[in-house]
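Student: The chain contents come next:
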Amino acid sequence: MEDTVKEIIAQYRGDRSYLVPILQDVQKALNYLPKDALFAVSAQLSVPISRIYEVVTFYKAFSLKPKGRYQLSLCMGTACHVRGAELIAGNISDILGIKEGDTTADLEFSFETVGCLGACALGPILVVNGEYHGHMNIAKSTKILKKLRKKGATDDEQD
Amino acid sequence: MMSKIKSFDELKRVQESLKAGRDPKKPCITVCVGTGCLAYGTQKLVDNFREELAARNLGDKIDFRTTGCHGFCERGPMVIISPEKIFYQRVGLADAGEIIDKTLLKGEIIERLLYVDGATGEKIVHEDDVPFYKKQTRLVFGLNSKVDPESLEDYLAIDGYSALGKALTGMTPEEIIQEVIKANLRGRGGGGFPAGWKWDSTRKAKGEPKYIVCNADEGDPGAYMDRSLLEGNPHLVLEGMIIGAYAIGSSEGYIYVRNEYPLAVKNIHIAIEQAREAGLLGKNILGSGFSFDVKINRGGGAFVCGESSALFASLEGRAGEPRAKYVHATDRGLYDKPTNLNNVETWANVPFIINRGADWYASIGTDNSKGTKIFSLVGKISNTGLVEVPMGTTLREIVFEIGGGIPDGRTFKAIQTGGPSGGCIPEKYLDLPVDFDELTKIGSMMGSGGLIVMDDRNCMVDVAKYFTNFLVNESCGKCVPCREGVRRMRDILVDVADGKGQEGDVELLEQISAAVIDGSLCALGNSAPNPVLSTIRHFRDEYREHIQEKRCPAGVCKALITYSVDPDTCTGCTVCAKVCPTGAASGERKKVHTIDQAKCTKCGACREGCKFDAIIVR
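As they're listed, the protein sequences go chains A and B.
If you number the first sequence the way this note's numbering does, the last residue is 159 and the count never jumps.
If you number the second sequence the way this note's numbering does, the last residue is 777 and the count never jumps.
If you are wondering where the hints come from, they were derived from the structure by calculation, not from laboratory data.
Honestly, I wouldn't trust all of these hints.
[What the hints assert, rightly or not] So the derived label-pair ranges between C-beta atoms look like this:
hint, chain 1, residue 1, chain 2, residue 2, range
1, B, PRO368, A, GLN158, 33 to 41 Å
2, A, ILE95, B, LYS178, 31 to 39 Å
3, B, GLY568, A, ASP155, 40 to 48 Å
4, B, LYS178, A, THR104, 57 to 65 Å
5, A, LYS35, B, SER745, 26 to 34 Å
6, A, ILE95, B, PHE352, 46 to 54 Å
Please read all numbers here as calculations on a predicted model, not as lab measurements.
All residues carry an ideal CB built from backbone N, CA and C; glycine is no exception.
Build out the structure end to end from the sequences listed, making use of the hints.
Tutor: In structure tokens, the structure reads:
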């Protein structure tokens, strides 16, 4: 982990003004921002850990908790909202038993709502691990969750 | 890789030789690969085209180009066949072979891929005849469909960087600033501040170095024109920035772009590398002695970072909190040095002003708002997409002539403009010309250009609640009026939507609004009450219905509605019973179904599933 942080910081030549992009890259590499990684960034950039904590809790893109195998992002931009995204959010929360922003206890699903993805013609949009599913509705979201649950289980068996 | 271009004359020679090497009559297949079209899975179509062309050995005879967003996102994936400019829409991912064989090799039109005009039912063959495009003035955005964003050659072949050459060799910095002032270019990010005056202040400010920054932190939900420009034509934005840097006397620039825009980040990265290699960026640009370079910084996803001082804090690697504005950024901005911040679309307008002159530019638009504006037309609209029109075009023209009106036979209710800082505009104002000043008069604003259309099934209290909730989450928390005031407003709106509204709530909302507007530090707080105030102003009755009559006429606010089955239209198809997650909807096949109110969670699944519109929401 220390090496990952070192590599990323080297790409930015240790420039402290790139703290936000550095943390973005660390999160991308490690799936979330574990405490040790934050201390490593702090030590290597000579930025106090309090400043780093301030930054990672300020920007929504950062997560201090591990994310699930399937990361669901539901677009809640205005266009998606007026097309009923809130009903879909309710459905996903009901099925997974978690609030938006949380991860299921088995670490299978993380569910978050995001600001506009800028693909409004396809709204409402659900993104699953980076893959866009457009014209989302309640029934389709139920089906996708069922499919992912099944896929997760078979992938585990194969492991 | 292009070798360094050392003078304006050499640039002209490179442009000419690139143009000479291109036969305008040679067939070319163009596919839009903007983020919107990629979301349809268009990459597969691109791969198919490449494979099918290779399999037929047509690589030399037919050009193939991928471009950024064309704007007509509703109809993606889109393919344009040049030189005829045949327009195919909603193209199937496996249609590549058929298009090559029929249209390119035999000259046949594939009827099923043509656009059908909703008004006349007529099938339209050519891109220019599609009403969506025909009524636009695609000055800035139109170039997107002419260039592969990853190709500097493409940009040079449409005379790209000519404005830079002209500025560096034939104009003094002061002359450039005067030209931009005369053109009355105003900031496209929403503020509408005259760009020329800002440049002038930064140029005259004391302190070195001077920075210029491109604001690509497009945070307005429902607006994506900046992303589409940056990912579709990055060299145009870069050219505008370099000209601005020369005029201002800056050697260092930043592009602050949302991390959620990976394609824009990638394409601007490529463009910067290419421009450096070609001597258009870096030391001694075009042999003029002027040096300037640009760095990219990815934002952390905070709406408030679109505000200049918050953006600078974020660029410096800190939390994005704004500061009081008694010192202007033009004097002390990034790292406390003179800084000129303009939005993506503003920078993209600059090369046009230099190339064609301030008089020409100022001939487009209204008295105080010049040029064109790109709008993102989204929500309950037939033609979702990006639309570029001269300033002063009416909302009605945009919604009904370009946008094709409201889909599914519903009726227009309101249009929301200006994002979370703007407001909702009812039908009676649809003939207002859209520019920086007109919409402000009725309690909204043009903002960065998001236009969200709503129909009779959208509730205005719910919309106000939505934006207020958004702003509660995005308020940085530094100043009390915004942090606490907007939160209280949200709480009241939640109560109203939950049927717990009380007499006097509307007046209380108005009072808190006044305090938030007066007392907040930055524009986020100053404008946060706009969505609430504008809905109160134009839809006061709807608030009254929620508070006094405890009903939501649009059928949105869960606590105030019930789902029931219309016995006259129900066919007993059992779909509602199948999709209902709680067993509230039930009934026998071919008999009228019922909904048990005690079990119903109002999730909406039955209404969504019913093909006969037999679920009544009241």
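Student: So, for every hint listed, does it hold in this structure?
Tutor: Each hint tested on the structure:
1. PRO368/B with GLN158/A: 33 to 41 Å: Once the Cβ atoms are compared, 57 Å apart, the range 33 to 41 Å for GLN158/A and PRO368/B is violated.
2. ILE95/A with LYS178/B: 31 to 39 Å: violated, 58 Å
3. GLY568/B with ASP155/A: 40 to 48 Å: This hint holds: roughly 45 Å between Cβ atoms.
4. LYS178/B with THR104/A: 57 to 65 Å: holds, 58 Å
5. LYS35/A with SER745/B: 26 to 34 Å: Roughly 51 Å apart at Cβ, these two residues miss the hinted range, so it is violated.
6. ILE95/A with PHE352/B: 46 to 54 Å: Taking Cβ atoms as reference, ILE95/A and PHE352/B lie about 48 Å apart, which means the hint holds.
Violated hints, in rising order: 1, 2 and 5; the structure is consistent with all others.
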